[in-house]
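Using the sequences plus the hints, can you model the full thing?
Order-wise, the sequence lines are chains A and B. Residues 1 to 287 in the UniProt record's numbering are what the first sequence spells out, letter by letter. Residues 1 to 787 in the UniProt record's numbering are what the second sequence spells out, letter by letter.
For the record, the hints were derived by calculation from the structure and aren't laboratory data. Cβ coordinates follow ideal geometry from the N, Cα and C atoms, glycine included. Hints may contain errors.
[Said to hold, decoys possible] Okay, derived cross-link-like pairs now, BS3-like style, lysine-lysine, Cα gap no bigger than 27 Å in a straight line:
1) A:Lys137 with B:Lys286
2) B:Lys81 with B:Lys299
3) B:Lys321 with A:Lys212
4) B:Lys765 with A:Lys21
5) B:Lys377 with A:Lys156
6) A:Lys30 with B:Lys708
7) A:Lys156 with A:Lys137
8) A:Lys49 with B:Lys765
9) A:Lys256 with B:Lys708
10) A:Lys146 with B:Lys316
11) A:Lys49 with A:Lys86
12) B:Lys81 with B:Lys202
13) B:Lys641 with A:Lys250
14) A:Lys135 with B:Lys286
15) B:Lys765 with A:Lys86
16) B:Lys321 with A:Lys137
17) B:Lys377 with B:Lys428
18) B:Lys428 with A:Lys156
19) A:Lys21 with B:Lys708
20) A:Lys287 with A:Lys135
21) B:Lys377 with A:Lys250
22) B:Lys31 with B:Lys299
23) B:Lys286 with A:Lys146
24) A:Lys287 with A:Lys146
25) B:Lys450 with B:Lys621
26) A:Lys212 with A:Lys250
27) A:Lys146 with B:Lys321
28) B:Lys765 with A:Lys256
29) A:Lys156 with B:Lys424
30) A:Lys250 with B:Lys428
31) B:Lys354 with B:Lys377
32) A:Lys137 with A:Lys287
33) A:Lys135 with A:Lys212
34) A:Lys250 with B:Lys765
[Said to hold, decoys possible] Covered by chain B, per the in silico footprint, the following chain A stretches (three or more residues, Cβ under 8 Å):
35) 48 to 54
36) 181 to 195
37) 198 to 204
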Amino acid sequence: MKKLSLFIISAFAALTACEDKIDLDVAPGKSYPVLDAWITNEAGPQTIKFTMSVPFTNNNPAPIIDDATIILYDLTNGKSYPFAFKQNAYSYDATNSPIGIVGHAYKLHVKYKGEIFEAYDTIKRVPPVDSITLKFKTKEESLSGKEGYYATMHAKDIEGGAVDYYWIRSYRTDTTRRLEDAFSIDGSYDEGVSDGATFILPIAESITDYDKPFQQNEKVIVKLRSLTRRSHDFLTQVDNQVNAGGLFAKVLENVKSNVDNTTPSGQTRILGWFGTSAVGRAEKLVK
Amino acid sequence: MLMTLLVLALAMGPTRAQQQRYTVSGYVKDKQNGESLVGISIGKPGTAVGTVTNQYGFFSLTLPAGEHELQFSYMGYAPVKTTVSLYSNKTLDIRLESSSSQLNEVTVNGQKQERAVNTLNTSINRLDIAQMKKMPAFMGEVDVLRSIQTLPGVTTVGEGSSGFNVRGGNSDENLILLDEAPVYNSSHMLGFFSVFNPDAVKSLNLIKGGFPAEYGGRTSSVLDIRMKDGNNQNFNINGGIGNIFSRLSVEGPLVKDRSSFIVAARRSYIDILMKPFVKGDMKDTKLNFYDLTAKANYKFDKNNTLFLSGYFGRDKFGLGKDVDMNWGNATATLRWNHVFTNRLFMNLTTYYSKYDYSLNFSNGSKKQQDEQLQGYKWTSNIINYGLKPSFTYYLNTNNILHFGVQGIYYTFRPGTGIGTEGEKERVKELTDKHALESAVYIDHEWKPSKKFGIQYGGRLSAYQLLGKGTAYYFNDTTPGIRRTLVGSKEYGANELIKGYYYFEPRLSARYAFNDQNAVKVAYSRTTQFMHQLSNTASPTPLDIWTPSTNNIEPSLSDQYTIGYFYNSPNDSYEFSAEAFYKTTDHQLDYIDNANLQLNQLIEADLLPSQTRAYGLELYAKKDIGRTTGWISYTLSRSERKTPGISLNEWFLNRYDRTHNINLVLTHTFTKRTSLSANWVYASGTPGTYADNRLQFQDWDIPYNSTEKRNNYRLPAFHRLDLSFTLKGKQLKRWKGEWVFSLYNVYARRNAYSIYFKQNEDDPNKREAVRLSIIGSIIPGITYNFKF
Numbered sequence: 001m002k003k004l005s006l007f008i009i010s011a012f013a014a015l016t017a018c019e020d021k022i023d024l025d026v027a028p029g030k031s032y033p034v035l036d037a038w039i040t041n042e043a044g045p046q047t048i049k050f051t052m053s054v055p056f057t058n059n060n061p062a063p064i065i066d067d068a069t070i071i072l073y074d075l076t077n078g079k080s081y082p083f084a085f086k087q088n089a090y091s092y093d094a095t096n097s098p099i100g101i102v103g104h105a106y107k108l109h110v111k112y113k114g115e116i117f118e119a120y121d122t123i124k125r126v127p128p129v130d131s132i133t134l135k136f137k138t139k140e141e142s143l144s145g146k147e148g149y150y151a152t153m154h155a156k157d158i159e160g161g162a163v164d165y166y167w168i169r170s171y172r173t174d175t176t177r178r179l180e181d182a183f184s185i186d187g188s189y190d191e192g193v194s195d196g197a198t199f200i201l202p203i204a205e206s207i208t209d210y211d212k213p214f215q216q217n218e219k220v221i222v223k224l225r226s227l228t229r230r231s232h233d234f235l236t237q238v239d240n241q242v243n244a245g246g247l248f249a250k251v252l253e254n255v256k257s258n259v260d261n262t263t264p265s266g267q268t269r270i271l272g273w274f275g276t277s278a279v280g281r282a283e284k285l286v287k
Numbered sequence: 001m002l003m004t005l006l007v008l009a010l011a012m013g014p015t016r017a018q019q020q021r022y023t024v025s026g027y028v029k030d031k032q033n034g035e036s037l038v039g040i041s042i043g044k045p046g047t048a049v050g051t052v053t054n055q056y057g058f059f060s061l062t063l064p065a066g067e068h069e070l071q072f073s074y075m076g077y078a079p080v081k082t083t084v085s086l087y088s089n090k091t092l093d094i095r096l097e098s099s100s101s102q103l104n105e106v107t108v109n110g111q112k113q114e115r116a117v118n119t120l121n122t123s124i125n126r127l128d129i130a131q132m133k134k135m136p137a138f139m140g141e142v143d144v145l146r147s148i149q150t151l152p153g154v155t156t157v158g159e160g161s162s163g164f165n166v167r168g169g170n171s172d173e174n175l176i177l178l179d180e181a182p183v184y185n186s187s188h189m190l191g192f193f194s195v196f197n198p199d200a201v202k203s204l205n206l207i208k209g210g211f212p213a214e215y216g217g218r219t220s221s222v223l224d225i226r227m228k229d230g231n232n233q234n235f236n237i238n239g240g241i242g243n244i245f246s247r248l249s250v251e252g253p254l255v256k257d258r259s260s261f262i263v264a265a266r267r268s269y270i271d272i273l274m275k276p277f278v279k280g281d282m283k284d285t286k287l288n289f290y291d292l293t294a295k296a297n298y299k300f301d302k303n304n305t306l307f308l309s310g311y312f313g314r315d316k317f318g319l320g321k322d323v324d325m326n327w328g329n330a331t332a333t334l335r336w337n338h339v340f341t342n343r344l345f346m347n348l349t350t351y352y353s354k355y356d357y358s359l360n361f362s363n364g365s366k367k368q369q370d371e372q373l374q375g376y377k378w379t380s381n382i383i384n385y386g387l388k389p390s391f392t393y394y395l396n397t398n399n400i401l402h403f404g405v406q407g408i409y410y411t412f413r414p415g416t417g418i419g420t421e422g423e424k425e426r427v428k429e430l431t432d433k434h435a436l437e438s439a440v441y442i443d444h445e446w447k448p449s450k451k452f453g454i455q456y457g458g459r460l461s462a463y464q465l466l467g468k469g470t471a472y473y474f475n476d477t478t479p480g481i482r483r484t485l486v487g488s489k490e491y492g493a494n495e496l497i498k499g500y501y502y503f504e505p506r507l508s509a510r511y512a513f514n515d516q517n518a519v520k521v522a523y524s525r526t527t528q529f530m531h532q533l534s535n536t537a538s539p540t541p542l543d544i545w546t547p548s549t550n551n552i553e554p555s556l557s558d559q560y561t562i563g564y565f566y567n568s569p570n571d572s573y574e575f576s577a578e579a580f581y582k583t584t585d586h587q588l589d590y591i592d593n594a595n596l597q598l599n600q601l602i603e604a605d606l607l608p609s610q611t612r613a614y615g616l617e618l619y620a621k622k623d624i625g626r627t628t629g630w631i632s633y634t635l636s637r638s639e640r641k642t643p644g645i646s647l648n649e650w651f652l653n654r655y656d657r658t659h660n661i662n663l664v665l666t667h668t669f670t671k672r673t674s675l676s677a678n679w680v681y682a683s684g685t686p687g688t689y690a691d692n693r694l695q696f697q698d699w700d701i702p703y704n705s706t707e708k709r710n711n712y713r714l715p716a717f718h719r720l721d722l723s724f725t726l727k728g729k730q731l732k733r734w735k736g737e738w739v740f741s742l743y744n745v746y747a748r749r750n751a752y753s754i755y756f757k758q759n760e761d762d763p764n765k766r767e768a769v770r771l772s773i774i775g776s777i778i779p780g781i782t783y784n785f786k787f
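Here it is as structure tokens:
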């Protein structure tokens, strides 16, 4: 809420503000292994990426770690899923039977350089995305001055029970690249004010890139994912760090990791996160 | 030690007063408009005897029986000499006439002007509105906060940042007083303009160290802004039309010589000017601010005057009909000046101050018929009530006692969130917090000789967090991560939850080698019980204030200052050099990813830190002649140490600036034309740079593997501003002037922050980006008038 408000308020400072790409001389830092593991209840291949961090402005793809052993454990039903390395990532084919089950707890087990690492998360409930609606706006009508289709996601928070945390990610036409991300607690920005409510407008309307609204024949895809509170905290911290511009930017802080080295006197540190979600998905073709 | 000194000084008073002594007292005012004049020197030419008028224009001087020639003098005013036959106590009200031409050098004999070399206190800068008006202004508008930023020891984190930093202190450590009522948010339009309407401001004092015992509650500085009383001789209308906003003020007598008023208003109108050009979703966009400042006074008799002043201002921001955000301050002050005897002066102040904001989103106007009304509202406020009787007792020519009592009652409403859907409304309300801050103080100003003077005293401060409320208890954990709740306790209304009590010694001393040279030392301890929670690059209008609790200890600061002051024999030049060293305990810091909004357990996310700052400030000023102005240079360092942050090592504060130079010059060509220039140079503020990126879920997350905060410095900040003033021909009553200004003359893109992101067009490219809040030259035109 506050972030959105500040974003809007500081937008008018853009009347005079400007951004320039600059070259900085930053001393090379220490490179860390980074685990990118997000397991869902979707059918299809489930993928885990394991790379080394690189200097920020280095535009080469991050070096891939291919010699780790990764196994996912469902702690609720005792099943285990080995992830095998192929084509740049570790994957498990869940085409026939999805891995994720709502309410189940999971442990990710990683063996890397002779040390053992573990991370935990739980799959929470998620409501369906009921629909996506589109509104065509001319240059004059739209806030950003860009002509195109602006999408709204319609969904309703699940009433009662524990507080629900969500991650909304949208895509254009296919899911190879993220478009926009938004985060929500019970359909709004704060707990205690929207249990069971329809997702509030600023969140529902956040799935369009206002600088490049959707055009004819493009597909709007939205995934609504459930999160644990810890994963929500982590992702909102990531969101603050990757969108750090503007008058009221958060200062740079290092994102947390939930990947613990469980080897006694283990030396290696792994950054990144292991998260699990149930997914509600919707799409709409612009025509 | 304090008591001994006091007793000694008091004992010396009467013994020396064998001869019969009488007191002359009264008020000094401006002849043309009846404004009381502050800091006027009253002296006996050829002797060291003298005093100055206080904040209300009152003076009291006790002299041996006999004939005395007294001179009243002040920069910009023709001095007045008068002879008093003092065979009984006397009241003497004096009116000074401002000198017709400021171009002529006014040479004053006898008692010196109130120059830094003569005063006891160190680290005080006084500016009156005439000086502020001479400086080049942003978009042609005189601005109180921008003018103090040219003084040594004062910096900001950048353009467009609210607040200012004094001697390496955080911006929430400044006590900003408008007619003695605290102001919690001093800026309009996110820091581009301050909330103080220059048409209603008389003068300001910025106290950076060596605090008199009267002031407390903040650890860094006191900015004491005084409003005009209003012309009690004639009606005047002042105004200005500029490209951002317009001003209008009316002042005049209610009863001539006895009562006057001033009402001043401003409103910005970017949104109205923009209106014809916006359509669609941008229609109904609101972007404006306004403020209203008013004051009235009534003089009942020579011993009783009543002042009532108030401020109300608001910033509004709205997008279409569905987003509405606004915030602002309101203050009200009632003061009673009472002269008990001609040696005992009292000012009784009561005040009210409120800051609040409200954010509102709804789908009201866009809603389809089959959709439900949906809305979200968030509000927060802080309210306080204060009572402040203060006394000045003029014992004799060498001794003055200042003493008094202060009480402030606070109510904090940290946040209420209301979600609406159709008929349904869900409310989340953080519990209110209440606190009482009280103090008793005494200060003894003792000038045993012309060369030596000392002001010493102390302040007993008490802070009490009161019910109704809940005290939370948290576990001790690794510093830097959120603490978990282990217990809580409920308290009833007005029950004491937690109290803190402090003794704050204060001391300032001066030794003058001669009329030109003096050295001063000062020490002061200060405490602060209110903290603004802000973990962004600069404070935002939505950052709430929170009181000290059982988990948040009040901050406690010690400052040592030493200074050398020089005043040229003809008063045309002043120079000062001051060094300071300051430490503060229990400053607030934040864990990574702290949640500062609508969080009942906010204390679990706060960390105590320790800060230190030191520096050297040089200041040279020329007051007389066609070219006037000043240059200030500050060399300083401001650091902090917080367990859990930056490897527990000392790191630079976000507002640290190693070098800071300010040059302010005004050249008067003719009576009608003048040119002002302002050049500022400051070392870049520290920043944390990313040396790594983590590829995660299509994001590139910036990461700093050194874990050291503020390990780099942004490029240096510098900027030149110019303004040219053309005064219109003097008509019968109408006085007009054009002010043409250029801000950021050489269009430098000063870095406000540097951050790391993926290229918007090609996410496979990563870049470091410099954000400049003002990226070009900004012209401004204002027409000011007076009749």
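Right, here's what the structure says about each hint:
no.: 1; hint: A:Lys137 with B:Lys286; in the structure: holds (21 Å)
no.: 2; hint: B:Lys81 with B:Lys299; in the structure: holds (26 Å)
no.: 3; hint: B:Lys321 with A:Lys212; in the structure: holds (24 Å)
no.: 4; hint: B:Lys765 with A:Lys21; in the structure: holds (11 Å)
no.: 5; hint: B:Lys377 with A:Lys156; in the structure: holds (19 Å)
no.: 6; hint: A:Lys30 with B:Lys708; in the structure: holds (13 Å)
no.: 7; hint: A:Lys156 with A:Lys137; in the structure: holds (26 Å)
no.: 8; hint: A:Lys49 with B:Lys765; in the structure: holds (20 Å)
no.: 9; hint: A:Lys256 with B:Lys708; in the structure: holds (15 Å)
no.: 10; hint: A:Lys146 with B:Lys316; in the structure: holds (26 Å)
no.: 11; hint: A:Lys49 with A:Lys86; in the structure: holds (11 Å)
no.: 12; hint: B:Lys81 with B:Lys202; in the structure: holds (25 Å)
no.: 13; hint: B:Lys641 with A:Lys250; in the structure: holds (19 Å)
no.: 14; hint: A:Lys135 with B:Lys286; in the structure: holds (24 Å)
no.: 15; hint: B:Lys765 with A:Lys86; in the structure: holds (26 Å)
no.: 16; hint: B:Lys321 with A:Lys137; in the structure: holds (17 Å)
no.: 17; hint: B:Lys377 with B:Lys428; in the structure: holds (10 Å)
no.: 18; hint: B:Lys428 with A:Lys156; in the structure: holds (19 Å)
no.: 19; hint: A:Lys21 with B:Lys708; in the structure: holds (24 Å)
no.: 20; hint: A:Lys287 with A:Lys135; in the structure: holds (11 Å)
no.: 21; hint: B:Lys377 with A:Lys250; in the structure: holds (23 Å)
no.: 22; hint: B:Lys31 with B:Lys299; in the structure: holds (16 Å)
no.: 23; hint: B:Lys286 with A:Lys146; in the structure: holds (21 Å)
no.: 24; hint: A:Lys287 with A:Lys146; in the structure: holds (18 Å)
no.: 25; hint: B:Lys450 with B:Lys621; in the structure: holds (24 Å)
no.: 26; hint: A:Lys212 with A:Lys250; in the structure: holds (26 Å)
no.: 27; hint: A:Lys146 with B:Lys321; in the structure: holds (20 Å)
no.: 28; hint: B:Lys765 with A:Lys256; in the structure: holds (24 Å)
no.: 29; hint: A:Lys156 with B:Lys424; in the structure: holds (14 Å)
no.: 30; hint: A:Lys250 with B:Lys428; in the structure: holds (25 Å)
no.: 31; hint: B:Lys354 with B:Lys377; in the structure: holds (19 Å)
no.: 32; hint: A:Lys137 with A:Lys287; in the structure: holds (14 Å)
no.: 33; hint: A:Lys135 with A:Lys212; in the structure: holds (14 Å)
no.: 34; hint: A:Lys250 with B:Lys765; in the structure: holds (22 Å)
no.: 35; hint: 48 to 54; in the structure: holds (count 4)
no.: 36; hint: 181 to 195; in the structure: holds (count 8)
no.: 37; hint: 198 to 204; in the structure: holds (count 4)
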